[in-house]
Amino acid sequence: MKKWMFILFFTLITLGMRAEVYQIGEGTSSFNQAPVNGNNHYSWSKMIFTAAEIHAAGLSAASTLTGIGFYVHYPVSNCGFSNQFVFVRHTGATSYPAAGTVYPDDTGFSLVYSGDVTFQDAGWQQLAFTQPFTWDGDQGIEILWKNYLATSQGQDLRFRYSYTDPDYKLAYSGADGSFPESGVAPNNRRPNIQLVTAMAPSPAVAVYPVDGGCALGGSRLAWKSGGGCPTDYDVHFGTVNPPPLVNSGQTYTWHQPELEAGETYYWQIVPSNPYGTVSNQPVWNFRVPETGQLCESFEIWPPPDWSNPGSWNDSVAYPYHGNFCAYVSANETGNFLTTPLLHISEGDKLELMARSSDTSGIAQIRIKYSIGDSNWEQLGDAVSVATGNAWQHFQFDLSSLAPHNYHLGIEAFNAGSGSNPLIWLDQVVGPRPAGQFPAPELCISREGDGFRLEWALLDGASGYRVYSAGEPASLGQDPPVQLGAGSSSLWVQGAGRRFFRVTALY
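Residue numbers (the numbering used here): 341 to 846.
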């Protein structure tokens with residue numbers, strides 16, 4: 341059998357109301373045991389869904405199942421598993437014997453999927469079968485998932501489940517040394533599931549980067565399905581809108597382009613399956629930070645030149661970019677994480693990704709600034725990180741701080757009186773650290789009723805800013821003259837004493 345690389349796909353909650361997707365289970369508790377256990381090198385799970393449950397979900401007649409879906413509780417990033425096998429069979433059993441033993445025996449089952457599986461972000465995620473299963477409309481179904489990963493994931497992959505009291509409808513086992521063939525006792529926690537029948541796919545959803553956000557150089561673009569179990573994608577990417585087609589019919593949900601610093605890119609992902617192709621897929625865009633900008637995704641802890649007076653920590657559980665992020669249990673007095681000294685110019689922004697499991701609004705972030713890493717003042721209003729586990733994109737305008745050097749503080753805090761919420765932080769992008777604006781050697785001479793400024797061109801510079809003032813302390817108060825990459829001189833009108841500064845742009 342030809343092995344395809346397929347992906348577990350995110351589906352919008354609203355798809356649960358469509359005729360082609362049938363949901364069983366609405367529990368909001370989570371565990372890491374089934375359908376696949378990311379904490380063990382090998383695992384398996386078996387679960388029963390009765391005919392009565394399938395009928396109650398709205399699927400009342402014989403149908404062809406083209407996929408299944410499970411709800412990922414916390415966001416994960418590129419959480420991939422190789423050597424996955426999923427089996428389905430009809431069963432007249434309504435549960436496993438409470439005092440019995442369940443084995444990972446696949447006798448009588450149909451193999452509906454074999455290949456690699458990747459989980460992205462949180463929410464409903466679907467697996468498109470490589471071989472559809474024909475349900476007879478009268479019997480229940482039993483699903484067996486075998487994980488021959490042989491590598492543990494490290495991320496906290498958890499699935500939402502529902503209790504099936506008094507029946508026992510799930511069994512699972514995991515091990516590290518070899519696949520666990522021995523039997524286990526069943527239990528009454530069973531993952532919530534979606535049964536998917538033939539349907540055209542819905543538009544794809546951007547995972548990294550978010551639409552309108554930043555992508556760090558060397559990053560892989562990632563997306564997930566919006567539903568309907570796509571089996572392949574057309575990838576459009578480039579610096580123009582609409583972007584050109586660069587890959588057709590690929591089965592994996594990522595694209596690795598070459599990214600240039602300071603460039604804006606457009607991308608579009610068009611899903612397809614045997615039942616249709618998306619015709620209304622949006623075009624997304626993102627920017628790559630300029631060379632020298634502050635770009636921190638916490639791959640080294642503590643981050644170089646940052647200060648951590650608020651007891652933040654690093655985590656591998658829920659990264660938005662790379663393999664690590666930062667997190668803290670936010671208290672009512674606030675937890676600071678502060679940047680190096682930054683040079684802030686007109687139009688600069690601080691961008692960051694944040695998430696919290698809090699949904700009440702008590703998990704908040706404040707941005708503060710200080711000249712000397714003390715005596716902090718707040719910039720604008722606090723923002724709530726009440727996203728219910730999803731990563732959220734924030735931008736803060738720093739123009740009011742220009743043109744000066746400041747430390748910026750990212751302060752997580754508990755705005756309520758209840759237990760302290762956890763807040764996660766990743767991919768912080770901001771202005772260039774102070775002192776890292778290369779300044780070419782400047783020659784100043786009198787010419788007519790003004791001054792002639794001349795300098796040597798710097799390799800890689802995209803342009804130059806020329807500042808002028810009557811006093812050194814006033815440099816930067818007036819808007820600079822901005823010149824192109826090939827400019828190496830400027831005449832400035834003026835009499836008397838003048839002070840000048842030229843900085844390169846990248």
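Simulated from the structure, these hints should not be mistaken for lab results.
Errors might be hidden in some of the hints.
So the derived label-pair ranges between C-beta atoms look like this [claimed, not checked]:
{"id": "1", "residue 1": "437", "residue 2": "620", "range": "31 to 37 angstroms"}
{"id": "2", "residue 1": "713", "residue 2": "398", "range": "31 to 37 angstroms"}
{"id": "3", "residue 1": "774", "residue 2": "379", "range": "43 to 49 angstroms"}
{"id": "4", "residue 1": "774", "residue 2": "592", "range": "39 to 45 angstroms"}
{"id": "5", "residue 1": "398", "residue 2": "560", "range": "35 to 41 angstroms"}
{"id": "6", "residue 1": "596", "residue 2": "774", "range": "46 to 52 angstroms"}
Quick reminder that beta carbons are idealized off the backbone N, C-alpha and C, glycines included.
Here is how each hint holds up against the structure:
Evaluation of the 31 to 37 angstroms hint for residue 437 and residue 620 yields a failure: the beta carbon distance comes to about 50 angstroms. Between residue 713 and residue 398 the CB atoms are about 59 angstroms apart, so this pair departs from the stated range of 31 to 37 angstroms. Taking 43 to 49 angstroms as the suggested C-beta distance range, the pair residue 774 and residue 379 conforms, at roughly 44 angstroms. In this structure the supplied range 39 to 45 angstroms holds for residue 774 paired with residue 592, their Cβ-Cβ distance being about 42 angstroms.
With their beta carbons about 38 angstroms apart, residue 398 and residue 560 fall inside the hinted range of 35 to 41 angstroms. Taking 46 to 52 angstroms as the suggested C-beta distance range, the pair residue 596 and residue 774 does not conform, at roughly 34 angstroms.
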